[in-house]
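From first to last, the protein sequence lines stand for chains A and B. For the first sequence, numbering that gives the first Met the number 0 puts the final residue at 290, and the numbers step up evenly by one. For the second sequence, numbering that gives the first Met the number 0 puts the final residue at 287, and the numbers step up evenly by one.
Since the hints were made in silico from the structure, they are not lab data. Just so you know, even glycine gets a beta-carbon here, dropped at the ideal spot from N, CA and C. A couple of the hints might just be wrong.
As the list claims (entries may be wrong) - Here are some chain A residues pointing at chain B (derived, C-beta under 7 Å): (1) G61; (2) V133; (3) V134; (4) R140; (5) A224; (6) L226; (7) F228; (8) T249; (9) Q250; (10) V251.
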Amino acid sequence: MSMFARTTLDQQNRRVEWLVKTLFLMMTVLLIVPVVLIMGILIQRGAPVLSWGFLTEVPTNGMTAGGIFTALIGTVWIVTVALIASVPIGVAAAVYLSEYAPDNWLTRAINLAIINLAGVPSIVHALFGLGAFVVFFGFGRSILAASLTLAVMTLPIVIVATRESLQAVPHAFREACWNMGATRWQTIRKVVLPNSISGILTGVILEVSRTAGETAPIMFTGAAAFLPFLPQGVLDQTMAMSLHLYVVSTQVPDVPDALPFGVALVLISMVLVMNATSIAFRVYLRNKRKW
Amino acid sequence: MKRLFTILGLPLVLLACGGGEDRTIIQNTGSDTLLSVAQGWAEAYAMVEPTVAIAVSGGGSGTGISSMINGTVDIANASRGMRESEFEAARAQGLDPQEHIVGYDALAIFLHPDNPLTSISLEQLVGIYGENGTIESWAQLGIEVPGCGSDEIVRVSRQNNSGTYAYFREAVLGESEFKLGSRDMHGSKDVVDLVENTPCAIGYSGLAYATDHISMPCVSAGEGTPCVAPSVDTAIDGSYTIARPLFMYTAMPPEGGVKQYMDWILSDEGQCIIFDKGYAPVATVTCA
Numbered sequence: 000m001s002m003f004a005r006t007t008l009d010q011q012n013r014r015v016e017w018l019v020k021t022l023f024l025m026m027t028v029l030l031i032v033p034v035v036l037i038m039g040i041l042i043q044r045g046a047p048v049l050s051w052g053f054l055t056e057v058p059t060n061g062m063t064a065g066g067i068f069t070a071l072i073g074t075v076w077i078v079t080v081a082l083i084a085s086v087p088i089g090v091a092a093a094v095y096l097s098e099y100a101p102d103n104w105l106t107r108a109i110n111l112a113i114i115n116l117a118g119v120p121s122i123v124h125a126l127f128g129l130g131a132f133v134v135f136f137g138f139g140r141s142i143l144a145a146s147l148t149l150a151v152m153t154l155p156i157v158i159v160a161t162r163e164s165l166q167a168v169p170h171a172f173r174e175a176c177w178n179m180g181a182t183r184w185q186t187i188r189k190v191v192l193p194n195s196i197s198g199i200l201t202g203v204i205l206e207v208s209r210t211a212g213e214t215a216p217i218m219f220t221g222a223a224a225f226l227p228f229l230p231q232g233v234l235d236q237t238m239a240m241s242l243h244l245y246v247v248s249t250q251v252p253d254v255p256d257a258l259p260f261g262v263a264l265v266l267i268s269m270v271l272v273m274n275a276t277s278i279a280f281r282v283y284l285r286n287k288r289k290w
Numbered sequence: 000m001k002r003l004f005t006i007l008g009l010p011l012v013l014l015a016c017g018g019g020e021d022r023t024i025i026q027n028t029g030s031d032t033l034l035s036v037a038q039g040w041a042e043a044y045a046m047v048e049p050t051v052a053i054a055v056s057g058g059g060s061g062t063g064i065s066s067m068i069n070g071t072v073d074i075a076n077a078s079r080g081m082r083e084s085e086f087e088a089a090r091a092q093g094l095d096p097q098e099h100i101v102g103y104d105a106l107a108i109f110l111h112p113d114n115p116l117t118s119i120s121l122e123q124l125v126g127i128y129g130e131n132g133t134i135e136s137w138a139q140l141g142i143e144v145p146g147c148g149s150d151e152i153v154r155v156s157r158q159n160n161s162g163t164y165a166y167f168r169e170a171v172l173g174e175s176e177f178k179l180g181s182r183d184m185h186g187s188k189d190v191v192d193l194v195e196n197t198p199c200a201i202g203y204s205g206l207a208y209a210t211d212h213i214s215m216p217c218v219s220a221g222e223g224t225p226c227v228a229p230s231v232d233t234a235i236d237g238s239y240t241i242a243r244p245l246f247m248y249t250a251m252p253p254e255g256g257v258k259q260y261m262d263w264i265l266s267d268e269g270q271c272i273i274f275d276k277g278y279a280p281v282a283t284v285t286c287a
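Construct the complete structure from the given sequences, taking the supplied hints into account.
Rendered as structure tokens:
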């Protein structure tokens, strides 16, 4: 009998190995099933209503006909204003936490606060936004109030993504820079930020997808179920894709069956295009990186 | 980097397309029952008065009234009257809330189309929905519902800030509480959708939400009174027992753009829109 013959123990190990691998593979497949089903059903049932007119016309006839133009532009407004508010704050906070903050109780408390902020349910953010921005600051129901509410909600995404990508820049880069006599800010500006821009962008675009899809935080703070016109400024109310989907699928009678699916398909396509852009950017910027 | 800013700047260019002449916005929030009518008015009013934009939102009568009290909306839609406590809260803010009846709504009882029940009395409804009610099965009403194997009555109701919920409790249950265990839906359309697909179910909502795939029994007020089918006509002449006024509230006596809009709603043009949506107008109108 050779030294390398299979013992029963070997055989048993191989069997367990195969079982575990198959089981885990099945779990992974299970993960994809809902995604494939959702996309399949949306495309199958929503595609018939899609047309250029669907994207460029306003809803008519009690929101049962026409298009989604006002909701589409409204979502662009809300997302843009939310980004303008949250990206500078989020990136600055992440830079401070990653590059300047000493490891003391204050920093740890801030970190804890960020984690907790990420865990707050969106309906709580909605009520916070209603109390703070709509009533207390007196912005009324407006794009500004809705976007600030979303900005508060999505800050943790930007902070965490930015901090992670800052920390992925090797420490030796910073030390090399400091040894040349550069200040901390010069190091951040010339070395750390350019090398982490792809990660920061990923965070921003993740935030965009989240912002575009949220319904609860905007329905109390600035999104209207119906508005006959486009907003003209940040203090106007607006329609939004996510709320429009909620309204046509639960509130309005006599909506053609395909319409809510069409709205959902456009919304999900917007988000998927954003995510794809994020990935493309990441790849492009990473290829330019020299390490 | 330059290309990056081009892409980030694109949404801003899109926003610039939104420009146009100056206009005022009237905030109109509240009852989900009134949402489709309010939306219809807003859509039509954009043609009448292009410088005024009516922003319509739902959320429930209670939401609308409290938003009006805290000053975030101009007109609150309600499918129930304002409560005394709400009037007090408004007066405490220095407001003088004004009630405007803008139409009437017959509250229909909905059944699955296979359900053979053709008439129901208020007493039976109390037995089904009321907290001390003892009617739990269709057999107790003397019928057998095809497709409903369990025979259990599935009660479909509304969330508790809904004006429809409040009106049903007041008009049918006589201020007693709802029995626990009902399916509480957010919106009349959800109620209809669920009852349409559930043989065991019973639900209630505004007549305007009825579809061709649902059955509506006639309702009698009690022994010996006639059983009346829900319709716009029976809501107008008052013979249908669970018909209610639909309200709009303003925080102050309306003036300016809000007054013009309220006047237009009560004009023939506005009243024909509410009639089109399946509600009864305030006065008889002749519509095209």
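Query raised in the report: What hint numbers does the structure not satisfy?
Result: none
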